[in-house]
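Construct the complete structure from the given sequences, taking the supplied hints into account.
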Amino acid sequence: MHVALIGATGNAGSRILAELVRRGHTVTAIVRDATRVPSLPGVEAKSGDVFDKPGIASLLAGHDAVISSVHFAAGDPATLISTVRASGVGRYLVVGGAGGLEVALGEFPLGLKLIDIPNFPEAYRQEAAAGCDFLDLLRAETELDWTFLSPPLSFTPGERTGHFRLGTDLLLSNAHGSSVSFEDYAMALVDELEQPAHSRQRFTIGY
96 MHVALIGATG NAGSRILAEL VRRGHTVTAI VRDATRVPSL PGVEAKSGDV
146 FDKPGIASLL AGHDAVISSV HFAAGDPATL ISTVRASGVG RYLVVGGAGG
196 LEVALGEFPL GLKLIDIPNF PEAYRQEAAA GCDFLDLLRA ETELDWTFLS
246 PPLSFTPGER TGHFRLGTDL LLSNAHGSSV SFEDYAMALV DELEQPAHSR
296 QRFTIGY
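Letter by letter, the sequence shown follows residues 96 to 302 of our numbering.
Simulated from the structure, these hints should not be mistaken for laboratory data. Check before you lean on any hint, since a few could be wrong.
As the list claims (entries may be wrong) - Restraint ranges, calculated between C-beta atoms of paired labels, are given here:
hint	residue 1	residue 2	range
1	L265	D240	22 to 32 Å
2	E217	T256	26 to 36 Å
3	P213	G137	23 to 33 Å
4	G206	S142	40 to 50 Å
5	H271	E139	33 to 43 Å
6	R118	G185	12 to 22 Å
7	G206	L135	40 to 50 Å
8	L265	S134	33 to 43 Å
9	G206	S134	43 to 53 Å
Claimed, not checked - For lysine to aspartate or glutamate, the following DMTMM-like pairs were computed, each having C-alpha atoms within a straight-line distance of at most 25 Å:
hint	residue 1	residue 2
10	K148	D264
11	K208	E197
12	K208	D264
Each residue gets a CB set at the ideal place from its N, CA and C atoms; glycine is no exception.
Written as structure tokens, this is what we have:
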């Protein structure tokens, strides 16, 4: 496929870029500074600002799909969604957040959002809230074929194992906690790109 990847040099974005290249897709890597994109086969780096709707829309036009891997609090969800819509690309995959996932941990009842549990870290609240807003806007979207993949609590560098679980709206955890590597997350997202199973849905991943 010919994929536009917004935020191709971040923690998740760089692993998604590597996974796309590994599987033979061609990628337009869109970042603020194109010189930061590594030289990889099939990758064309482009500079762009997510607040520049006409500029980003022109960079996205003609692709088979758009993947967005940007910090929610650093952009405007409504602008980004309308930019993808204006580009004419119908398939939109979003690196989501964990804040809107439901929890069923210890004393916390099923149905309570992670962001609403007592002692949710204030340092992450703004980003988590913006991610929840982004998902709400997507759920009201009538034109784009979107997918929002939420990571678990711990989302860190690690190994590309290919051994992970998928879920829907419930935070996934095991005896060792709630976690996934950027590398395995990238595998799951590109799997969804290649074989769509969560059209107009949020889903999640974890070990």
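So which hints don't hold here, by number, going up? Numbers 3, 10, in rising order.
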